[in-house]
Structures are given as C-alpha cells and as structure tokens.
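S.K.: Okay, here's what each chain looks like letter by letter:
There are 2 protein chains.
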Amino acid sequence: MRETFDDYTIKESLFFSLRMMQLSKALWKTIEKDWQQWINPYDLTINEHHILWIIYYLKDASISEIAKLGVMHVSTAFNFSKKLEIRGYLQFSKKENDMRNTYIQLTEKGEELVLSIFKAYEPLQNTVFKGSLPLHHLHGKFPDFIEMMTIVRSIYGNDFMKMFEYSFDNIEKPIENA
Amino acid sequence: MRETFDDYTIKESLFFSLRMMQLSKALWKTIEKDWQQWINPYDLTINEHHILWIIYYLKDASISEIAKLGVMHVSTAFNFSKKLEIRGYLQFSKKENDMRNTYIQLTEKGEELVLSIFKAYEPLQNTVFKGSLPLHHLHGKFPDFIEMMTIVRSIYGNDFMKMFEYSFDNIEKPIENA
Numbered sequence: 001m002r003e004t005f006d007d008y009t010i011k012e013s014l015f016f017s018l019r020m021m022q023l024s025k026a027l028w029k030t031i032e033k034d035w036q037q038w039i040n041p042y043d044l045t046i047n048e049h050h051i052l053w054i055i056y057y058l059k060d061a062s063i064s065e066i067a068k069l070g071v072m073h074v075s076t077a078f079n080f081s082k083k084l085e086i087r088g089y090l091q092f093s094k095k096e097n098d099m100r101n102t103y104i105q106l107t108e109k110g111e112e113l114v115l116s117i118f119k120a121y122e123p124l125q126n127t128v129f130k131g132s133l134p135l136h137h138l139h140g141k142f143p144d145f146i147e148m149m150t151i152v153r154s155i156y157g158n159d160f161m162k163m164f165e166y167s168f169d170n171i172e173k174p175i176e177n178a
Numbered sequence: 001m002r003e004t005f006d007d008y009t010i011k012e013s014l015f016f017s018l019r020m021m022q023l024s025k026a027l028w029k030t031i032e033k034d035w036q037q038w039i040n041p042y043d044l045t046i047n048e049h050h051i052l053w054i055i056y057y058l059k060d061a062s063i064s065e066i067a068k069l070g071v072m073h074v075s076t077a078f079n080f081s082k083k084l085e086i087r088g089y090l091q092f093s094k095k096e097n098d099m100r101n102t103y104i105q106l107t108e109k110g111e112e113l114v115l116s117i118f119k120a121y122e123p124l125q126n127t128v129f130k131g132s133l134p135l136h137h138l139h140g141k142f143p144d145f146i147e148m149m150t151i152v153r154s155i156y157g158n159d160f161m162k163m164f165e166y167s168f169d170n171i172e173k174p175i176e177n178a
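Quick mapping for you: the protein sequence lines, in order, are chains A and B.
In terms of this note's numbering, the numbers along the first sequence are unbroken and rise by one, the last being 178.
In terms of this note's numbering, the numbers along the second sequence are unbroken and rise by one, the last being 178.
Just so you know, the hints here were simulated from the structure itself, not pulled from any lab data.
Take these hints with a grain of salt, some might be off.
Pairs involving identical chains hold if they fit within one copy or between any two copies, as the list cannot separate such chains.
[As the list claims (entries may be wrong)] List of simulated lysine-lysine pairs, DSS-like, C-alpha gap at most 30 angstroms:
id: 1; residue 1: 95; residue 2: 11
id: 2; residue 1: 109; residue 2: 33
id: 3; residue 1: 68; residue 2: 11
id: 4; residue 1: 29; residue 2: 119
id: 5; residue 1: 141; residue 2: 109
The whole structure should be built from the sequences, with the hints applied where relevant.
M.R.: This is the structure:
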C-alpha cells in the first residue's frame, strides 16, 4: 500500500475517516431525533429552531451569519427565516449606516418562544445527555470533547468557535432567572 | 433555576446538550459533504455506500443488522438494498437452516465496487482528515475520540461497538494488499 510523505499511511487515514464517518453519523442521528422531539410541540424544524437560537444570542444577525453559524446553505437560511417572519417570530430590517445588508431580529413573540423552548428542556428525555451521564459520574463533569472542538475549529475557523462560546454567555442570564 | 437531584443543574445539562447539538451538526455536515464527494463518481448515496460497506465486512447481513449498523430505518435499509440488488451489487438469499430471515451478500461486482471506492480514498481531499492533522502532528497519532466513543457505546450498546471494531479487522487485509 502507498505510504504518504508524512508519518501516516493511506490505510491509517482511511481507517480514521471511516471511524469518524460511522461515529459522527451515529451521534448526529441521535441528536437529530432528540432535537426534533424537544421542539416538536412548537411546530418548528431543526433549522428553524437553530435560526431562532442564533438570532437570540446575536441580537441581530445577517443571513450569512445565520448560514455560517447554523451550518446551512444561505438559501436555506433565507427561506426558513422568511417562514419564521410570516409566523411573526422575527423581522427583517436595514441599518441606517449600512443599507446594503439586511439584518434580522427576533420579535417579542420570537424571544418568548426561544425562552420557553429552553425552559422546556428536560435532560432525562435527551438520549445523548443520558449517554454522557456515566462520564459525568466518572469525571465529576460533562465531557468537553476537546478533540472534536479542535477539529471543528480547524475546519470552521476561530470566529465560528468564538461565536459558539459567546452563544452561551448570552443565554446564561435569562436562563438563570427562569 | 431548578436543581436536579443529581450533581448537575438543568442549566449545565442544557448547555451541554446545546454544545453537543452545535458541534455534532457542524462535524456531521462536513463529513456528509466529504462522504458524498468521495462516492460521487460511483453514483451512490451515502446510505447505499454504507450498506455496501456493512455487507462487505459482515460477509452476509440481515436487513435489521444493516439498519442497526448503518443507523437507518429498516425500511430505508430495505429500499436501498433493493436498488443495489437491481444494479447487480448484491443478492438476497435464505439460509437453509433459517428460512425465516433473508440474508444479503455482495456479488463479485459489488465487492469490486467497495474495494475500488476504498482505493480511491484520498486523505487530502477529506476536510475532516485535514482538520485532524494538527492533532496528529501534536500527538503523533490520530485522535481516538474516547468521549464520543463512550457516549455512542452507551446509546447504541456494546454489540454496536464490537461490530464497529470488527469492521476494521475485516477490511484491513484487502486494503493492505491493494
């Protein structure tokens, strides 16, 4: 079998990729199911909920920011945002000093929806959460997935990860007061 | 905010779940794109390729094994398998001592296809592989995702993980001789 110029063989890299494909598919399919079940009472798709959540922590967001942070096509981000606008959860607007770009904010109704979804979260109905409890018991904390974070960072960039951490700062207060 | 009976708060568990949702979505969307690009010349979907790969290492597989290991619905596994049968890549049969269950094997054409796809794998065209190179340089090996493995194991069970490891044993030889 071919050897590469670096210190890994093609076989090692193939096996690593196959491993990532299987693990990531298994994890995502479960997360997808949990996510759908969580938001099911609100008649939202995963992408719609993700859009609301992103705008919630960015306060106002452009379509390209939503697409980037939500890992979806720009057209998907736009179409779902338009649907959410029709349902009264968000509004499109221009900034006075930047007429080229459209920004999106949550309406009061949208903000209430995001908060009530967060409040309806039940850990023990979440398969991935339950699956991580043995690690929590063992380590005294939830796993931090440092390798996964590193890979996502090197693919999506530092800004993506900064925004990712920022999203938690910005929902911390309202949740604590809930 | 509510406290649970255990040593984590609802907020901690919500944030853990949100983190998993975002990371897993970001990782899977990239893996999905890489996977599609890899098998694109063979006119296969991800699920079709996954089915061929599973039957390749199990030698013969039932629909329920394919569905479990491929993380897809039984009807999805069945419908895609039927399509692959029509294209001459696999065949359905009964075992003499077990007439109730249908087993599926690869045809010679199917086996050749699986092997040529493995051989066509190019590490540097794989985004997740490239994203993991900094970790490889740092640690001298590819990351093993022990936390992700633990969670997938506790969701899907020991058999799933055993089969997962077994899949590598069974493709090791033909790939090495390639």
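S.K.: Where does the structure disagree with the numbered hints, that is, which hint numbers, in rising order?
M.R.: Of the numbered hints, 1 and 5 do not hold.
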